[in-house]
Amino acid sequence: MRRPPLLLLALTLWPGLTLAQQPLRVVAPFHVESMEPSRDGFNFTRMRVAETLVGADDGGLPVPQLASGWTLSDDRLTWRMTLRAGATFHDGSPVTAEAVAASLRRARAQPGPLANAPLTSITADGPGVVELRTSAPFTPLLAFLAESSSQILAPGSWDETGAVRRLIATGPYRLVGFQPPFRFEVERFEAWNGGPAPAIARAVYESVARGETRALMAESGRADLVFTLDPAGTDRLRRSPRVEVRVMPIPRTQTLKLNAGLPQFSDLRTRQAVSLAIDRDGIARGILRSPAAAATQLFPPTLAEWHVAGLAPLRRDPAAARRLLAEAGWTSGPDGILTREGRPFRFTLRTFSTRPELPVVAAAIQESLREVGIDMQVAVVVSSEIPAGHRDGTLEAALMARNFSLVPDPIGTLLADFGPRGGDWGAMGWASPELIEILATLGRSTEAAERAALRGRASTILQAELPVIPVVWYDHRVAISRRLANVSVDPLELSYRIEAMRWAE
Amino acid sequence: MGGVVRALLRRAVQAVLVTVLVSGLCFTLVRLLPGDQALRVAEGRYGYDRVTTASADAVRAELGLDRPAAEQFMAWVARLAQGDLGVSLVTGDRVVEEVAYQLGHTLLLSLAALSLALLAGPALGLFAGLRPGGVLDQAGMVGAAALRALPVFALGIGLMLLFGVTLGWLPVAGFHATENLVLPALALGLGLAAASARVARDATVAATSAPFFGFALLRGLTRAQAVRQHVPRNAAVPVLAYLGVNLALLVEGVVVVESLFGWPGIGHALSHAIAARDVPMLQGTALSLGLIFVALNAFTDLAILAADPRRRG
Numbered sequence: 001m002r003r004p005p006l007l008l009l010a011l012t013l014w015p016g017l018t019l020a021q022q023p024l025r026v027v028a029p030f031h032v033e034s035m036e037p038s039r040d041g042f043n044f045t046r047m048r049v050a051e052t053l054v055g056a057d058d059g060g061l062p063v064p065q066l067a068s069g070w071t072l073s074d075d076r077l078t079w080r081m082t083l084r085a086g087a088t089f090h091d092g093s094p095v096t097a098e099a100v101a102a103s104l105r106r107a108r109a110q111p112g113p114l115a116n117a118p119l120t121s122i123t124a125d126g127p128g129v130v131e132l133r134t135s136a137p138f139t140p141l142l143a144f145l146a147e148s149s150s151q152i153l154a155p156g157s158w159d160e161t162g163a164v165r166r167l168i169a170t171g172p173y174r175l176v177g178f179q180p181p182f183r184f185e186v187e188r189f190e191a192w193n194g195g196p197a198p199a200i201a202r203a204v205y206e207s208v209a210r211g212e213t214r215a216l217m218a219e220s221g222r223a224d225l226v227f228t229l230d231p232a233g234t235d236r237l238r239r240s241p242r243v244e245v246r247v248m249p250i251p252r253t254q255t256l257k258l259n260a261g262l263p264q265f266s267d268l269r270t271r272q273a274v275s276l277a278i279d280r281d282g283i284a285r286g287i288l289r290s291p292a293a294a295a296t297q298l299f300p301p302t303l304a305e306w307h308v309a310g311l312a313p314l315r316r317d318p319a320a321a322r323r324l325l326a327e328a329g330w331t332s333g334p335d336g337i338l339t340r341e342g343r344p345f346r347f348t349l350r351t352f353s354t355r356p357e358l359p360v361v362a363a364a365i366q367e368s369l370r371e372v373g374i375d376m377q378v379a380v381v382v383s384s385e386i387p388a389g390h391r392d393g394t395l396e397a398a399l400m401a402r403n404f405s406l407v408p409d410p411i412g413t414l415l416a417d418f419g420p421r422g423g424d425w426g427a428m429g430w431a432s433p434e435l436i437e438i439l440a441t442l443g444r445s446t447e448a449a450e451r452a453a454l455r456g457r458a459s460t461i462l463q464a465e466l467p468v469i470p471v472v473w474y475d476h477r478v479a480i481s482r483r484l485a486n487v488s489v490d491p492l493e494l495s496y497r498i499e500a501m502r503w504a505e
Numbered sequence: 001m002g003g004v005v006r007a008l009l010r011r012a013v014q015a016v017l018v019t020v021l022v023s024g025l026c027f028t029l030v031r032l033l034p035g036d037q038a039l040r041v042a043e044g045r046y047g048y049d050r051v052t053t054a055s056a057d058a059v060r061a062e063l064g065l066d067r068p069a070a071e072q073f074m075a076w077v078a079r080l081a082q083g084d085l086g087v088s089l090v091t092g093d094r095v096v097e098e099v100a101y102q103l104g105h106t107l108l109l110s111l112a113a114l115s116l117a118l119l120a121g122p123a124l125g126l127f128a129g130l131r132p133g134g135v136l137d138q139a140g141m142v143g144a145a146a147l148r149a150l151p152v153f154a155l156g157i158g159l160m161l162l163f164g165v166t167l168g169w170l171p172v173a174g175f176h177a178t179e180n181l182v183l184p185a186l187a188l189g190l191g192l193a194a195a196s197a198r199v200a201r202d203a204t205v206a207a208t209s210a211p212f213f214g215f216a217l218l219r220g221l222t223r224a225q226a227v228r229q230h231v232p233r234n235a236a237v238p239v240l241a242y243l244g245v246n247l248a249l250l251v252e253g254v255v256v257v258e259s260l261f262g263w264p265g266i267g268h269a270l271s272h273a274i275a276a277r278d279v280p281m282l283q284g285t286a287l288s289l290g291l292i293f294v295a296l297n298a299f300t301d302l303a304i305l306a307a308d309p310r311r312r313g
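As they're listed, the protein sequences go chains R and Y. According to the working numbering, the first sequence is numbered sequentially starting from 1. According to the working numbering, the second sequence is numbered sequentially starting from 1.
With the rest of the complex left out, here is chain R:
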């Protein structure tokens, strides 16, 4: 579906399109290299081309999508998902339980959350019900099914090698143009029966990597929805009459990962001292330009079920940090750097520039730590050097941004981050048997009060032990054209919600 580039020379502009005929233009930094759900599938679920069985509301709770309902057996091992009656794929074929089961079995064979779920079988039970069996009770399964790599595609989407060649999905929009890695076009799928018909007939997704360019596209009025704006660009956009800027917290936290297997970080007091030295308010105000972004605990308030309001907040107190370091046996050396048993308190922090604010925040943390006598070097590397360093044990510390809504229920991320051997993007050299047991119990339990208590306890352990140190919470910054109406922004970034929008004029 790629358009030969030289044909561009022959193209002329479409004259005089009315607003209703114009496509909605969505711009974000994410490239779309392929149609493979496990790689770029999130672009298609966000643009509402593909649906998953289950969606999630703003709080991450499961809501019906291609499945109209579900039941869990008494032994909590069998989930029966009832498909939306009358649903069809974009090629007009009916959505059958066998087709859905085949799509899920394929997704399970690809890298992604579903591959890690304890599923033993995915089968059709009649034309309208898909049955999923697990080897043990696993209540986060619904959240795993809401993740984009679990999107449902018709069997005709992939070839004999299993590679996705056509995107035959079930969403309110269908793919009509695909020019990887920068652009795809969608149009309204008239046979969609999952809700009111979309008011906007056509939409275009464009990937633009540079934040400056995205902001200028919004300001020029040539883009209608622009996601992931830089803080600096946001200030300028607020003055534009064409654009409304919305800033909302999302479940993503910038964290400092410390290798607690190292002598300097195995002592809880030093991890607490590092936390006390960090100037979170300064970073939130000066770098992210969002004073409320200073993290007081790992989970931001937007994750209401995991955020514990009564938890003693993380704060800055360099004097207390120095006291804790002295208690841990660190004394000031001649150059102001702390030493213990003749060894300076020195380590290298790895971070990466895919998120451009990370190296800047790393520099701010470096300055804060120097004030208490810790010499931290910053190495800006590619992000995969962090899991690589975790694996080979060479990682000393890392600064990163962790998304707790990759799977809408954070339990999916926590299981990966705080297992017995830590996690690539989580703890290193630290494990809590109590936390591991809590997470396992959360995976089994369906009792609301018990689950709430367990979540609270998990958050408390992470706050007390600091295997990763929260720095700031992230905001989602979106520029919305004033020509658009009925716009809502998904804090979990699962969908751009374009099917509910309409032109204001």
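Check each hint, because a few of them may be wrong.
Now the in silico label distances, taken between C-beta atoms and shown as ranges [as the list claims (entries may be wrong)]:
#	chain 1	residue 1	chain 2	residue 2	range
1	Y	SER209	R	THR354	52 to 58 Å
2	R	ARG502	Y	ALA146	42 to 48 Å
3	Y	VAL16	R	GLU244	54 to 60 Å
4	Y	GLN138	R	ALA363	42 to 48 Å
5	Y	ALA78	R	VAL63	50 to 56 Å
Calculated Cβ distances over 12 Å to all of chain R for the following chain Y residues [what the hints assert, rightly or not]:
#	residue
6	VAL16
7	ALA146
8	ASN297
Covered stretches of chain Y (chain R as the covering partner; in silico rule of three or more C-beta atoms under 8 Å from a C-beta of chain R) [claimed, not checked]:
#	region
9	47-61
10	158-169
11	185-197
12	254-262
Quick caveat, the hints were computed from the structure, so don't treat them as lab data. All values derive from a computational prediction rather than experimental measurement. Heads up, the beta-carbon is just placed ideally off N, CA and C, and yes, glycines get one too.
Here the structure of chain R is known, so what remains is to put chain Y in place on it, guided by the hints.
Just chain Y, lined up with the frame of chain R:
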């Protein structure tokens, strides 16, 4: 004809050397770079916050990245000998198709920028050179210095702000319509046009100061006739030679401009191939760039031979 054949033979030998060197260097350099190739490929596939060591292990097993380097290189050479550049480790698509698509956009952008440099620059330079020290010459010098001094990135942002935001005449970024080509071509071509204008200006001054120009006036030609007869062809040779040398700068500029304007192209493909350690894509894109560079230089040689008969012997 002898000069033409010699020029083409020289460039053909260069092309062979480029093929051997580029493919060998790409392969070697990727292995010398720090970091686990499987992790980098997995990051390219699944995104930075989805990559795990488990997904890297799956990539390693799928692609056979733990095979000996010599074995992998020989496999690539064997494929190349059959005209097969392999498949991208990240997307799984055939490299030749990826490169053809990306290269088409890069060539379109480069040709537009070169056309600007060839049409606007020499013409302005010629008029400036006919009245050295005049208003046009002075203004041209200031303008050329400013355009050459501006980084491509800053020039691009300035063009976006002026024509995209303030005037609203052109789209800020994108690539789906003809109008999308204008701003990136200007960002890429203005600096080259400015420099070629100064080269043309100096060549014009040299030509109009030469004895043959004075003799032409003595023969009774008007100044306009003498200029038409002697200046353009004499000025063309240094301008073409300058552009030929500066084509490498054009390639550098393409990488920045493509990223800034969201324009697909070989620069984007190359930078992503390096980041993701996608060896087949890196070899394919670098090889294409190298061969294009040789081809453009061959074209420059032929253009100079066409403009200057003295070199054809």
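Exercise. Going back to the hint list, which numbers does this structure go against?
Worked result: Of the numbered hints given earlier, the structure breaks just one, which is hint 11.
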